[in-house]
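Participant: The chain contents come next:
2 protein chains.
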Amino acid sequence: MGSLYLCRLMPSLHFTLQHQDPFSKARSGNIRTDHGEIPTPMFMPVGTVGSVKALTMQQLEQDVHARIILGNTYHLYLRPGTEVLKAAGGLHRFIGWQHPLLTDSGGYQVFSLAANRKIKEEGVVFQSHIDGSKHLFTPENVMDIQRTIGADIMMAFDECPPYPSSYEYARTSMERTHRWLDRCIQRFRNTPDLYGYTQNLFPIVQGGTYPDLRKASSQVIASSELPGCAIGGLSVGEPEEMMYEYTALCCSELPESKPRYLMGVGTPWNILECIALGVDMFDCVLPTRNGRNAMLFTSKGVINIDNKKWETDFSPIDEGIGSTVSSYYSKAYLRHLMKAGEISGLTIASIHNLSFYLWLVNACRKHIEAGDFYSWKQEMIPLLKTRL
Amino acid sequence: MGSLYLCRLMPSLHFTLQHQDPFSKARSGNIRTDHGEIPTPMFMPVGTVGSVKALTMQQLEQDVHARIILGNTYHLYLRPGTEVLKAAGGLHRFIGWQHPLLTDSGGYQVFSLAANRKIKEEGVVFQSHIDGSKHLFTPENVMDIQRTIGADIMMAFDECPPYPSSYEYARTSMERTHRWLDRCIQRFRNTPDLYGYTQNLFPIVQGGTYPDLRKASSQVIASSELPGCAIGGLSVGEPEEMMYEYTALCCSELPESKPRYLMGVGTPWNILECIALGVDMFDCVLPTRNGRNAMLFTSKGVINIDNKKWETDFSPIDEGIGSTVSSYYSKAYLRHLMKAGEISGLTIASIHNLSFYLWLVNACRKHIEAGDFYSWKQEMIPLLKTRL
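These protein sequence lines are chains A and B, in that order. The first sequence begins at 0 in numbering that gives the first Met the number 0 and counts up by one. The second sequence begins at 0 in numbering that gives the first Met the number 0 and counts up by one.
Just so you know, the hints here were simulated from the structure itself, not pulled from any lab data. Think of the CB as a built atom: it goes at the ideal place given N, C-alpha and C, for glycine as much as any other residue. Incorrect hints may have been included.
[Unchecked claim] If you only want the chain A side, here are some residues facing chain B, beta carbon under 7 angstroms, derived:
1. VAL48
2. THR55
3. ARG78
4. ILE342
Please build the complete structure, drawing on both the sequences and the hints.
Facilitator: Pasting the structure below:
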């Protein structure tokens with residue numbers, strides 16, 4: 000195992016910091032993986048069970064211009080299961096996605112979706128939300144599952160405590176998450192890449208909404224030799240301002256030289272604010288879930304496309320964001336499709352919202368490079384929040 | 000109105016008969032419209048409310064290679080309504096479809112979907128299946144609605160009697176449909192094209208399952224000066240052999256020089272058999288509806304993709320039919336998407352089935368041109384019917 004261990008000390012994932020905004024903590028960079036490069040800041044569409052909801056891989060690549068997508072370990076483990084994924088040669092081949100993939104650890108889903116979960120030091124026993132069957136997730140088998148999925152970026156197994164949690168609960172949970180991290184790293188280092196490319200592991204900061212715990216957890220994560228850092232346990236119901244404060248706190252402790260991933264965030268304005276705090280990577284179901292519920296994020300504000308005011312508005316959904324779909328279809332047509340319950344309405348709304356998110360992070364990158372990110376962000380935020 | 004009338008005698012729609020199969024009545028041809036050419040035999044995907052279910056226009060054009068699609072007058076009239084369609088400048092512009100469009104007359108839907116319908120000589124009073132509101136369809140206003148929709152090919156308002164119907168009912172209904180046809184032609188000739196391109200009207204053969212009525216109706220339709228002929232009232236529950244017999248009977252009476260459209264047909268083998276009987280155009284919801292229900296038509300037979308046997312079958316859905324989607328995704332992945340209830344599964348299944356239908360009619364065309372259509376069809380039919 001000696002050579003494997005060495006291999007882990009030189010991960011294939013390499014982050015290059017490119018520009019730093021003079022008026023905020025925003026930065027641009029580049030993450031290199033064996034499946035291609037990811038310019039940062041970047042938004043990662045969520046492909047829960049190996050499909051970004053309502054989109055084909057062609058739409059994801061050609062319309063949305065996604066560079067990396069996320070899969071959910073909990074969902075993929077339950078369906079189609081690791082046997083199918085292994086037989087397919089990993090998730091990339093199973094779903095036909097040739098770019099980087101990140102998988103979460105299943106921790107969040109076990110706590111938010113599964114029934115009768117029971118946390119022990121060993122791991123978490125839970126029942127499937129699909130058929131009630133009983134399962135055990137441990138730091139070790141979650142590494143094995145993510146190895147089998149074949150994600151370019153795997154996430155450590157963590158507990159995401161609810162908001163609010165008592166200090167005592169947040170501390171106990173955080174400490175266990177840190178012990179689980181050690182076990183994840185151990186297992187990760189002692190198991191090989193399965194499909195001929197290098198996989199990478201990111202640890203996750205927890206600590207609830209207690210400054211000393213967040214600081215302590217950030218320091219533990221910062222001291223790991225892993226090639227990136229994630230911030231978990233935020234955007235779980237706490238006020239927006241609190242989410243920003245804790246993101247800032249975590250970022251100030253995490254190393255400059257590694258990409259920072261803020262898990263599960265958020266609205267377009269959340270993303271701009273958190274980029275200003277030093278975050279490089281984001282994922283969220285908001286653009287697809289809200290799209291399916293008729294809420295569109297555009298460069299001019301938020302649209303409820305069900306609203307009668309769009310009935311004869313034949314202007315494009317959103318021009319100038321570089322998305323074919325968003326310039327091709329009118330607001331009136333999309334409204335009609337949504338009112339009539341057409342599947343293509345869900346698809347067009349989801350493609351638009353994701354295209355908009357990708358446009359937004361790319362615009363951030365350009366403004367960071369141009370040095371005017373901060374003033375641009377201050378102008379954009381009220382615009383993005385406008386209800387049209 | 001004199002010049003308008005003259006204009007109607009020289010329709011823009013022009014059919015050129017190209018090849019005739021020596022061993023059957025199959026033929027290939029070309030329909031020219033102001034929105035482009037349609038090689039025949041052709042299958043027309045159904046875009047009920049201005050959307051082929053689960054597909055975007057880009058997928059319809061680039062993946063399916065559809066040449067003409069169908070809209071339902073009944074559905075479009077109820078939602079989004081003629082005011083919206085008129086304001087949009089017609090259905091082509093509203094939905095972003097630049098190729099030919101055909102609309103049915105709403106007759107079939109009024110009888111199959113609407114509540115409390117009442118047939119009078121004037122027309123049909125019915126209640127919307129959406130909100131119960133009361134409406135009247137007459138030959139005249141159905142022409143006006145289709146003018147507003149802006150279809151390249153409009154259909155005459157007809158009654159489609161159920162199977163079985165008594166001789167008396169079928170005769171009475173047919174005669175009324177013929178009187179309605181005269182009123183449709185009159186209205187059509189006295190109203191202008193609205194959007195700068197020429198619209199065309201097709202009459203519909205009815206007559207139930209009575210040879211003398213079918214023959215009489217075919218002769219009435221054959222004697223019209225309209226540029227195409229449709230066969231309605233078949234594939235409504237009668238045995239398959241009976242459908243073939245009546246299709247053959249109608250085709251034998253209809254002019255060689257005009258395209259023949261068999262409405263609402265059918266399975267892949269139905270289409271091959273009816274092409275052999277002289278039909279040029281088809282539409283059916285089967286490829287999309289059955290696709291959404293996990294039934295795939297392929298060049299090797301019929302697949303129920305929900306079946307466990309496909310769980311680890313990583314071979315493409317169907318290779319060699321010239322569809323990117325059908326060669327890109329595996330049976331195992333599509334099965335997984337369908338089992339997990341993912342929208343993208345519905346989309347991929349629908350794209351595949353439609354691509355297969357378009358591949359099939361194009362293959363017919365090539366075999367008609369090569370002169371070996373009949374023997375090829377005889378080999379294909381058992382293959383297409385195979386349950387895989």
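Participant: The structure should be examined with respect to each hint, and the outcome stated for every one.
Facilitator: For each hint, the structure was consulted:
1. VAL48: The hint holds - VAL48(A) has a Cβ within 7 angstroms of chain B, the shortest such distance being about 5 angstroms.
2. THR55: holds, 6 angstroms
3. ARG78: It holds, given that the least Cβ distance between ARG78(A) and chain B is near 6 angstroms, below 7 angstroms.
4. ILE342: holds, 4 angstroms
Hint compliance for this structure: no hint is broken.
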